[in-house]
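K.L.:
Sequence:
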Amino acid sequence: MIFHAVVTVDLDGGVTSSARNTFNEEMKKEKFYKHKLTTLWTARYLDGWTKANALKDARDSVDKAAQVAGIRKYEALVSLADEAPTEWWKPTTLLGG
Numbered sequence: 000m001i002f003h004a005v006v007t008v009d010l011d012g013g014v015t016s017s018a019r020n021t022f023n024e025e026m027k028k029e030k031f032y033k034h035k036l037t038t039l040w041t042a043r044y045l046d047g048w049t050k051a052n053a054l055k056d057a058r059d060s061v062d063k064a065a066q067v068a069g070i071r072k073y074e075a076l077v078s079l080a081d082e083a084p085t086e087w088w089k090p091t092t093l094l095g096g
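Start counting the sequence shown at 0; every next residue gets the next number (numbering that gives the first Met the number 0).
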């Protein structure tokens with residue numbers, strides 16, 4: 000079964016921009032995709048993964064990225080589903096709409 004992971008990570012106050020950039024690069028190395036939404040990441044786990052293993056991998060990936068970046072305090076949430084999340088944009092116009 001294929002699983003899609005949605006992960007949001009709130010790096011608590013005091014995190015430097017350098018540490019934040021290091022965290023972001025580590026998450027990319029772990030095959031997570033960074034969305035424009037400030038704290039949102041997604042990953043896709045292909046056939047052969049169990050839900051428990053995908054959840055553990057997502058948690059381990061966040062923990063590793065934080066450790067490499069020297070970030071000790073953060074909050075994270077992961078949700079697994081069999082369908083990809085839906086993302087959309089509402090562009091601004093000259094009329095403010």
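It should be emphasised that the hints constitute simulated quantities derived from the structure, not laboratory data.
Note that CB positions come from ideal geometry on N, CA and C, so glycine has one too.
Any given hint could turn out to be false.
Distance condition first, Cα-Cα at most 16 angstroms in a straight line; then the derived EDC-like pairs of lysine to aspartate or glutamate [claimed, not checked]:
#1 Lys72 <-> Asp59
#2 Lys30 <-> Asp11
#3 Lys30 <-> Asp56
#4 Lys50 <-> Asp11
#5 Lys28 <-> Asp56
#6 Lys50 <-> Glu24
#7 Lys27 <-> Asp81
#8 Lys27 <-> Asp46
#9 Lys28 <-> Glu82
#10 Lys63 <-> Glu25
#11 Lys33 <-> Asp81
#12 Lys28 <-> Asp62
#13 Lys72 <-> Glu86
#14 Lys28 <-> Glu74
#15 Lys35 <-> Asp59
#16 Lys33 <-> Asp9
#17 Lys27 <-> Asp59
#18 Lys63 <-> Glu86
#19 Lys63 <-> Asp81
#20 Lys35 <-> Glu24
#21 Lys72 <-> Asp11
#22 Lys35 <-> Glu82
#23 Lys55 <-> Glu29
#24 Lys72 <-> Glu29
#25 Lys30 <-> Glu74
If you anchor each label on the Cβ, the simulated ranges turn out as follows [what the hints assert, rightly or not]:
#26 Asp59 <-> Asn20: 34 to 44 angstroms
#27 Asp9 <-> Thr91: 21 to 31 angstroms
#28 Asp46 <-> Ser78: 13 to 23 angstroms
#29 Ala18 <-> Asp46: 15 to 25 angstroms
K.L.:
Taking the hints in turn, state whether each one holds.
P.N.:
Outcome of the hint check:
1. Lys72 <-> Asp59: 15 angstroms, holds
2. Lys30 <-> Asp11: At roughly 23 angstroms apart (the allowed maximum being 16 angstroms), Asp11 and Lys30 break the hint.
3. Lys30 <-> Asp56: OK: Lys30 and Asp56 at ~11 angstroms, within 16 angstroms.
4. Lys50 <-> Asp11: 28 angstroms, violated
5. Lys28 <-> Asp56: 13 angstroms, holds
6. Lys50 <-> Glu24: Given that 16 angstroms is the threshold and the Cα spacing comes to 25 angstroms, the pair is violated.
7. Lys27 <-> Asp81: Outside the cut-off at roughly 22 angstroms; violated.
8. Lys27 <-> Asp46: Cα-Cα ~21 angstroms, so violated.
9. Lys28 <-> Glu82: 23 angstroms, violated
10. Lys63 <-> Glu25: Distance of about 8 angstroms is within 16 angstroms: holds.
11. Lys33 <-> Asp81: Violated. Lys33 to Asp81 sits at ~19 angstroms, over the 16 angstroms cutoff.
12. Lys28 <-> Asp62: 13 angstroms, holds
13. Lys72 <-> Glu86: Between Lys72 and Glu86 the Cα gap is close to 28 angstroms, so the pair fails against 16 angstroms, i.e. violated.
14. Lys28 <-> Glu74: This hinted pair is violated, its Cα atoms lying about 20 angstroms apart.
15. Lys35 <-> Asp59: Violated, at roughly 23 angstroms.
16. Lys33 <-> Asp9: At roughly 13 angstroms apart (the allowed maximum being 16 angstroms), Asp9 and Lys33 satisfy the hint.
17. Lys27 <-> Asp59: This hinted pair holds, its Cα atoms lying about 13 angstroms apart.
18. Lys63 <-> Glu86: Given that 16 angstroms is the threshold and the Cα spacing comes to 26 angstroms, the pair is violated.
19. Lys63 <-> Asp81: 25 angstroms, violated
20. Lys35 <-> Glu24: Holds. Lys35 to Glu24 sits at ~15 angstroms (cutoff 16 angstroms).
21. Lys72 <-> Asp11: 6 angstroms, holds
22. Lys35 <-> Glu82: Distance of about 20 angstroms is beyond 16 angstroms: violated.
23. Lys55 <-> Glu29: 13 angstroms, holds
24. Lys72 <-> Glu29: With Cα atoms ~20 angstroms apart, Lys72 and Glu29 exceed 16 angstroms; violated.
25. Lys30 <-> Glu74: Outside the cut-off at roughly 20 angstroms; violated.
26. Asp59 <-> Asn20: 34 to 44 angstroms: 21 angstroms, violated
27. Asp9 <-> Thr91: 21 to 31 angstroms: 26 angstroms, holds
28. Asp46 <-> Ser78: 13 to 23 angstroms: Given a distance of about 20 angstroms, which is inside 13 to 23 angstroms, the answer is holds.
29. Ala18 <-> Asp46: 15 to 25 angstroms: 35 angstroms, violated
In terms of the numbered hints stated before, the structure departs from hints 2, 4, 6, 7, 8, 9, 11, 13, 14, 15, 18, 19, 22, 24, 25, 26, 29, listed from lowest to highest.
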